[in-house]
Amino acid sequence: MADANRQPLLDRAAALVAGPFLLGQRALSLAFLPDKPSPPEPSPDATPRIPITPPEHAIKRRG
Amino acid sequence: MKTQLPEHGPVEAPRFWRTLEERVETLEARQAAHDEFLPGAIPGPGYDDVHGLPVQSGVSRRDFFGLVGAAAAVAATVACDRKGQGTVVPYTKRPVEVVPGVANYYASAFQEGRRIYPVLVKTREGRPIHLSGNDEHPGVKGKTSPRAMADVLRLYDPDRLRAPKAEGRTIGWVEAESRLHAALKDAKATGKPVLLISGALVSPTRKALLADLKAALPTLEHLAYEPALGDAGEEAAKASFGEAVDLQPRLAKAKVILSLGADFLNGEDPEALGAWGAKRRLKDAHDPINRLWVLEGPLTLTGTNADVRIPIAPSRLGAMAFALAKGLAAKGVVLPAGADLAGISAGAPAEIPAKTWSALLNDLRQAGRQAVVLCGAQMPVEVHQAAHLLNAMLNSEAVAMLPAEPLATVKDLAAAVQGMAAGRYAAAIFWDVNPAFTFPMAAAWKTALPKVPLRAWIGLMEDETSAQCQLLLPESHWLESWGDFSTPSAAVLQQPTLGTLYDTRQGEDILLGALKALGAAAPGSYHAFLQARWQKEVLTGASFEQALHDGLLKVEPKSVAPVFRGASAAAAAKRAAESNTEGLELVLFPGFATHDGRHANNSWLQETPDPITKMTWDNPVSVSVQDAKALGLQEGDLVTLSLDNVTLRLPAVIQPGQAQGVLALALGYGRSTGGVAKGVGANAYPLMGVDPAAANVRRGVRLAKAGGTKELARTQSHHRMEGRDIVRSLTMAEYAHDPQGHRHTPEIVSLYEEQRFPDHKWGMVIDLAACVGCSACMVACQSENNVPVVGPEQVARGREMHWIRIDRYYEGELENPRVVHQPMLCQHCDSAPCENVCPVNATTHSSEGLNQMTYNRCVGTRYCGNNCPYKVRRFNFLEYTAYKTEPETLAYNPEVTVRPRGVMEKCSFCVQRINDGKVRAKGEGRAILDGEVTTACMAGCPSDAIVFGDLKDPKSKVAQLVNASRAYRVLEELGVKPAITYLADLKNPAVVGGSHAV
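Heads up: the sequence lines are chains F and W, in that order. With my numbering, the residue at position 34 of the first sequence is 34, and numbering never jumps. If you want my numbering, it's the 1-based position in the second sequence plus 63.
These aren't lab readings, by the way, just hints derived from the structure by calculation. Every value quoted in this text rests on a predicted model; they were computed, and no experiment measured them. Just so you know, not all the hints are guaranteed correct.
As the list claims (entries may be wrong) - Quick look at which bits of chain F chain W covers, simulated, 3 or more residues with Cβ under 8 Å: (1) 11-25; (2) 54-60.
Said to hold, decoys possible - Result set (DSSO-like, lysine-lysine): computed pairs, CA atoms no more than 30 Å apart in a straight line: (3) Lys1040/W x Lys981/W; (4) Lys60/F x Lys985/W; (5) Lys60/F x Lys270/W; (6) Lys599/W x Lys60/F; (7) Lys599/W x Lys692/W.
Stated by the list, open to error - Short, incomplete list of chain W residues facing chain F, as computed with Cβ under 8 Å: (8) Ala134; (9) Val137; (10) Glu160; (11) Val165; (12) Tyr169; (13) Ala170; (14) Leu523; (15) Met524; (16) Glu608; (17) Leu611; (18) Pro950.
Beta carbons are placed, not taken as given, at the ideal position from N, Cα and C, and that holds for glycine.
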């Protein structure tokens, strides 16, 4: 399948070089924005956990 | 895949076939068999390997990975940051019941309609994660139903209502209760009626509570409504016995069973399935076996297990059943006094050959008390009455008539709607029911309900009814609630298995609050109310704690034999004789996954293939082969279904074995609420009738092509095995003649050294004669092994993830084929072809004969799946689990790894259960006992068709069964040495004049 879809060599080379370059640039610009402060660290309890409580008065079979 | 039905079948049709394509041997079918996997499930010309879509970008897989690799390297340099850290902490206050890593088991009970399922609930660290039947209950004997097992998922449904609401805003319970109580007090003062609609009343304590409420509020009108149970049965019981009756088969006592459209093997009734399995697991041809005759319109699971099946339109069944009564009377069986069958023609009906008819009559007469006639809940009233008459004539001991609380019919509900429209009610309370969805005249409902001043709703998840109510009161799940039920052999207790997850209350506690507000003396909680009633009326010296531990208190079954009113048969026979049988006939039945719609938001059930159509995530209309030919329909064609100004547009499937002129459509789909349920399928309730005598069987339906097609998420054509010798089915005559005649053991020469298993060699036996195809094993496996749900689009591409599937094979003609169901799972081959081809040693063989997966080694080459002759390996094409959050993740079994994208998975023979058994045995200083270790599928199988155990223990059940005369291994000739042995299916057709009755 790969052979059937293979692009001309120049296209592939361009894609391989330009892709990472552009993505990297984008990633760097996101990480090092000059004016914006970095987002705050999420607090440990940011996602509320659903409390699991034992049943009252129930009698277990085994365990 | 499109299938044009042929004028004539192929010259040499295959003996067993699974799909129409295989039966007519289309080019597509041959190509599909050759290709092994569906397009999209594998890389192929023109398809993207990752998403299974046609290649559109022009970028090849190799380029894509090149790009991704380089981009990742750059991105990684700037992304080295710590985020999303979890914190693992020990219990700071450990609940006394919980030992981390050790499961607790509680006995409780689940109700669906009039049926009660006593269950054992497995909890881990306080979370219920798996349900199985309560082995203490004398009826169900440790078995339960697929829907009961799947209901643990509903506990963790993210759509659950978490706090009370009024007019759309969240409120507290104080405000919610004060509003409800004020309305009820006002109603009491003014004398205006209050309407309460709930499900079936099977709980004696709930009944006592409602009686107290009625005493405190005399204007209370209570309707118990179950839209899926069929009103005709209720009407027929009233006519035949003068009271509501819950009719339960006792198949252990039956030698001959005649089903009139009754689907008693559909997985809902574990007691019936247990008795059926016991009669079919024959050790040799001399063992007694029952015989099942089925007359039905749509093909049902019971029909697929029939020894003799005759497709008949439901409207003809009444006349036929009364003709049977007449035939029996002619043979000397006494007709009850007053039973006048004057209008019924005697002799064989036109649809049934005279010899077959005569064989049926002889079977019934000879079996006498050990014969039973069962009628489908959806059949018209006259068919039910004819079944009552036949059972009375035979004095059948294979059916129990149990007293039951009467159910409201659609007619009663229509009267209530009229009352609402006229402004009769001061308040209406809807408790665990959804009439806005299930009532056939939706428009009338929508207009009438707003005329009730206070509309309160008590339920688990917001639905169509809650959308029209002002006050929403969130109900606790039954696993968080108290309750009790009466079953024939035991008083069953329901106890909470965890504290409430949200700010919810059980419905009874809400009504108890109302009772107190109305001035009545009542205990503080429903738990206290229940305990007080049990101490006073049930326990009689026994301990409540012991009853909670067992989940029940055994009681002597009350034998109530309502007297059959012979005179009632005359009117029913007249109705049957006059039944109109022209045109198309639509049968509306509860969906396997959805029941009446209450389970529609359960993704486990939605993705479990319907046992007959093998459809997931949809309710297409089933059309007979003959009608499809006449209309020029193909599978997946969109059609319009019209009746009484209601038109549905939905896809069609062609169903072999369905009677000509009959259409079948499942109820419970087409919900407009619920994250899972919304938009899945079409709502068939508007097509239901308002005549309780025949609400589920409608005549005069118009079916037409709508243009266009829909891709069906249907699993039947997946994982095919090219017509090899996979299923074996014998008639009793063949079995008696040569019990091992089906065997053709090939000579196997292996290049590999014989493997040694020093301690254990785990193996399984599956009896195809006992397997009814109910899919309980699939749901049990899904719950136990964290099997992901993939959704309809992925299922359509053949990417469903079930570790065990039920292959349904047809045999014979399209119009009325015989059917064999075969559970198919990893065969744990000793010379496993998958193990040899794994480049990273991710799949290996254990010293106990298990073919095991090491998930973190797997790199997803899928060579193993390609090389598996049984097509039982499942690949995580997409990320199905990582983005799940609480509460959904609370349903996971912590003993089983949750698999990420890119990993192959398959049945592990529930290795975690094996290890649990080994640890327990070691702790007690003994060997593992036979039957101590059960796989989830075995424990879930209601007919005990699956047996698992240690083949090295010669006394084990499994070791004895592998040498049975019906034993064979699938694809044995490949020399892969599977650890699963199948026992050939058995059919017991009546022999008429030297040949089998058809």
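Inset, instruction - Tell me if Met524/W is really an interface residue toward chain F, meaning its C-beta lies closer than 8 Å to one of theirs. - result: 16 Å, violated
Inset, instruction - Mind checking the CB of Pro950/W against every CB in chain F and telling me if the closest is under 8 Å? - result: With a minimum Cβ separation of about 5 Å from chain F (threshold 8 Å), the hint on Pro950/W holds.
Inset, instruction - Would you settle whether the hint for Leu611/W is holds or violated, based on the nearest Cβ-Cβ distance to chain F being less than 8 Å? - result: 4 Å, holds
Legend entry - Interface hint for Ala134/W, Cβ within 8 Å of any Cβ on chain F: With Cβ-Cβ at 4 Å, under 8 Å, it holds.
Legend entry - Proposed proximity, Lys981/W with Lys1040/W (alpha carbon, max 30 Å): 25 Å, holds
Inset, instruction - For the hint on Val165/W, just tell me whether its beta-carbon gets within less than 8 Å of chain F. - result: 6 Å, holds
Inset, instruction - Please verify that hint: Tyr169/W, Cβ, nearest Cβ of chain F, below 8 Å or not. - result: 5 Å, holds
Legend entry - Whether chain W covers the stretch 11-25 of chain F (at least 3 residues having a Cβ closer than 8 Å to its Cβ atoms): holds (count 8)
Inset, instruction - Tell me if Ala170/W is really an interface residue toward chain F, meaning its C-beta lies closer than 8 Å to one of theirs. - result: With Cβ-Cβ at 5 Å, under 8 Å, it holds.
Legend entry - Three-residue Cβ test at 8 Å for the coverage of the stretch 54-60 of chain F by chain W: n = 7 at 8 Å, threshold three: holds.
Inset, instruction - Report holds or violated for the interface hint on Val137/W, using the least CB-CB distance to chain F and a cut-off of 8 Å. - result: Result: holds, 3 Å to nearest chain F Cβ.
Inset, instruction - Mind checking the alpha carbons of Lys599/W and Lys60/F for me, to see if they're no more than 30 Å apart? - result: 24 Å, holds
Consistency with the previously given hints fails for numbers 7, 14, 15, ordered from lowest to highest.
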